Amino acid sequence: MPERETIGDVLARRGVSRRALLKYTSTLASVMALAPAASRAMADALAKAHRQSVIWLSFQECTGCTESLTRSFNPNIGDLIFDVISLDYHETLQAASGFAAEAAREAAIAANKGKFVLVVDGSVSTKDGGIYSTVAGKTNLQLLQETAKDALAVIAVGTCASFGGLPHADPNPTGAVPVSDIVKDKPVINIPGCPPIAEAIAGTVAYIVTFGKLPDLDQRNRPRAFYGDAIHDRCYRRPFYDQGLFAASFDDEGARKGWCLYELGCKGPVTYNACATIKWNGGVSYPIQSGHGCLGCSEPDFWDKGGFYKPLSTNTGNDAEIVGAAVAAGAAVGVASALIARHRKRKAQTAKAAAKTEGQP
Amino acid sequence: MNAEPTDGGFRNGPLTGPLTGLAEAVFGEIAARLQALADSGEESVIDLRSLPLTPGDRRELEERLGHGEVCAGLDVGGLSEVWECGYAGVWWVRHLGEDGMPRSEHIEIAAVPAILVTHAGDIASAAARLQRDAARPAKEDTRHA
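Heads up: the protein sequence lines correspond to chains A and B, in order. The numbering used here numbers the first residue of the first sequence as 15 and each following residue consecutively. The numbering used here numbers the first residue of the second sequence as 4 and each following residue consecutively.
The hints are simulated quantities; they were obtained by calculation from the structure and are not laboratory data. Keep in mind that this is a model prediction, so the values were computed, not measured. No residue lacks a Cβ here, since even glycine has one placed at the ideal position from N, Cα and C. Some hints here could point you the wrong way.
[What the hints assert, rightly or not] Restricting the straight-line Cα-Cα distance to at most 25 Å, the calculated cross-link-like pairs of lysine to aspartate or glutamate (DMTMM-like) are:
#: 1; chain 1: A; residue 1: K200; chain 2: A; residue 2: E160
#: 2; chain 1: A; residue 1: K62; chain 2: B; residue 2: D125
#: 3; chain 1: A; residue 1: K198; chain 2: A; residue 2: D247
#: 4; chain 1: A; residue 1: K198; chain 2: A; residue 2: D315
#: 5; chain 1: A; residue 1: K271; chain 2: B; residue 2: E27
#: 6; chain 1: A; residue 1: K271; chain 2: B; residue 2: E65
#: 7; chain 1: A; residue 1: K324; chain 2: A; residue 2: D266
#: 8; chain 1: A; residue 1: K271; chain 2: B; residue 2: E66
#: 9; chain 1: A; residue 1: K152; chain 2: A; residue 2: D142
[As the list claims (entries may be wrong)] Ranges of calculated distance between the beta carbons of each label pair, as one might list FRET restraints:
#: 10; chain 1: A; residue 1: Q108; chain 2: B; residue 2: F30; range: 47 to 53 Å
#: 11; chain 1: A; residue 1: K62; chain 2: B; residue 2: T121; range: 16 to 22 Å
#: 12; chain 1: A; residue 1: G321; chain 2: B; residue 2: D125; range: 32 to 38 Å
#: 13; chain 1: A; residue 1: T77; chain 2: B; residue 2: P140; range: 51 to 57 Å
#: 14; chain 1: B; residue 1: S128; chain 2: A; residue 2: Q233; range: 41 to 47 Å
#: 15; chain 1: B; residue 1: Q134; chain 2: A; residue 2: Q233; range: 52 to 58 Å
#: 16; chain 1: A; residue 1: V149; chain 2: B; residue 2: T121; range: 48 to 54 Å
#: 17; chain 1: A; residue 1: A110; chain 2: B; residue 2: G124; range: 32 to 38 Å
#: 18; chain 1: B; residue 1: A129; chain 2: A; residue 2: T20; range: 16 to 22 Å
#: 19; chain 1: A; residue 1: F225; chain 2: B; residue 2: F30; range: 15 to 21 Å
#: 20; chain 1: B; residue 1: A39; chain 2: A; residue 2: S263; range: 45 to 51 Å
Please take these sequences and the hints and turn them into a complete structure.
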């Protein structure tokens, strides 16, 4: 592609009309809760903008974040985001490997010094010098430090890069830390989620390209457009919460009627993400709509918060008193289960004996 | 294309369901915004996907707004459905992706929804293409056949 070709030129060459671009920005403006007129402004600005150079580094991760973007059910997002950006390095997606791949990364950094956006998925191992995760003989820590110093901004994609994620979970054997613990001299945007929603990744990059600035961020450096509301506040089951109607088990009458899952451990009230509005699988559903409570995967330490099925009103700390109470409760449940099982066994034996008696001549 | 309101894949489950009163609130907001359009020409958009409407609420809103004189279908990066509601100047716009899955859905209060207006850039590009095509003979001239 010619160096100074605009995104509008690229799209026109591919036969993508401005109406199609407007449809795309209309979706983006909708999911980013921008002012209604923003979709037209975004379409105009995107058409005039140049493609943004992006270098994507993967550290201690599962590739779920890349999968979320590239396997998006939204072809518009998948296709158009790659028209909007110039993805100059991505280990999973690029054809090059070995020395050629590393040379490509160094060339991309040199060609776009101070202008490229660095995207990182995965946490950074720091224990024992970060030796637990290396690429081409360099630790993730080294790669991050030497690449971030020339970046315009850093986007930490996924909960691992944003908050440490699963590698950071107790006992954190690799000394995993989030990107923001390492990069201190430039903006780090967090797009957490396990994985994050494709539209949140694409929308944030598109926003930077469109408006030439970082989006408005919350106290955890997450774009407010996607993480400004608690899932609970946008949940279609919220009216049931307000009416005090809760499912008490996954197969009771309340569950069948679609009542609020708060008592089943839903973390929606303390989780900030766009699952309830953008949804997953092409807008089909999200965990709560599918009958399971929110795990809170876009919040720090969600794995270590004491249990996915404990209501938020339960103290989920790890102090001895709570653990003791949990053990006592577990023992009580165990005793009850044993009694029920014994009762059922006795009932079955009685029925079997009765059937045997009836079957005798 | 089916111009009747459908669930468009935005909902899972029955179209009926509990009413929360949100449809009534949105209906009132549309009324205020349509008045603003009538008074000052101010256009506006209400994003339906960002609202926690239950299936029942959505059905209620669709029924209250009704259908007007115009409906249009677009095939651009997937299908889109646009219809004027029973109140002139109120448009229901639903965009689907190329996979037929929903992308966005909003109520647009305007004389013409933005997606229906042809962009000046596309007109210029089409004019140039038409000039080129007009200057070339048709592949097969059958006028005297």
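Comparing the hints with the structure gives:
Of the pairs offered as hints, the one joining K200(A) and E160(A) holds, with about 13 Å between alpha carbons and a cut-off of 25 Å not exceeded. Between K62(A) and D125(B) the CA atoms are separated by roughly 14 Å; this keeps the pair inside 25 Å, and the hint holds. Between K198(A) and D247(A) the CA atoms are separated by roughly 33 Å; this puts the pair beyond 25 Å, and the hint is violated. The hinted pair formed by K198(A) and D315(A) meets the criterion: a straight-line CA distance of about 21 Å does not exceed 25 Å.
Our distance criterion of 25 Å between C-alpha atoms is met by K271(A) and E27(B), whose separation comes to about 23 Å. Of the supplied pair hints, the one linking K271(A) and E65(B) holds, its CA atoms being roughly 23 Å apart against a limit of 25 Å. Between K324(A) and D266(A) the alpha-carbon distance is near 17 Å, which keeps this suggested pair within the 25 Å criterion. Using a Cα cut-off of 25 Å, the hinted pair K271(A) and E66(B) holds, with the two alpha carbons roughly 24 Å apart.
Only pairs whose Cα atoms come within 25 Å are accepted, and K152(A) paired with D142(A) is accepted, the gap being roughly 13 Å. At roughly 52 Å, the beta-carbon separation of Q108(A) and F30(B) lies within the given 47 to 53 Å, and the hint holds. In this structure the hint that K62(A) and T121(B) lie 16 to 22 Å apart at CB holds, the actual value being about 19 Å. Separated by about 55 Å at the C-beta atoms, G321(A) and D125(B) break the suggested range of 32 to 38 Å.
For T77(A) and P140(B), the hinted distance range of 51 to 57 Å is satisfied, since their beta carbons lie about 55 Å from each other. At roughly 46 Å, the beta-carbon separation of S128(B) and Q233(A) lies within the given 41 to 47 Å, and the hint holds. Remark: the range hint 52 to 58 Å for Q134(B) to Q233(A) is upheld by a beta-carbon distance near 57 Å. Between V149(A) and T121(B) the beta carbon distance is about 49 Å. The supplied range of 48 to 54 Å therefore holds.
For A110(A) and G124(B), the Cβ-Cβ distance of about 36 Å falls inside the hinted range of 32 to 38 Å, so the restraint holds. The hint said 16 to 22 Å for the Cβ distance between A129(B) and T20(A), and at roughly 19 Å that hint holds. For F225(A) paired with F30(B), a C-beta distance near 34 Å fails the hint of 15 to 21 Å. The hinted window of 45 to 51 Å between A39(B) and S263(A) holds, with their beta carbons roughly 49 Å apart.
Hint check: violations occur at hints 3, 12, 19; the rest are consistent with the structure.
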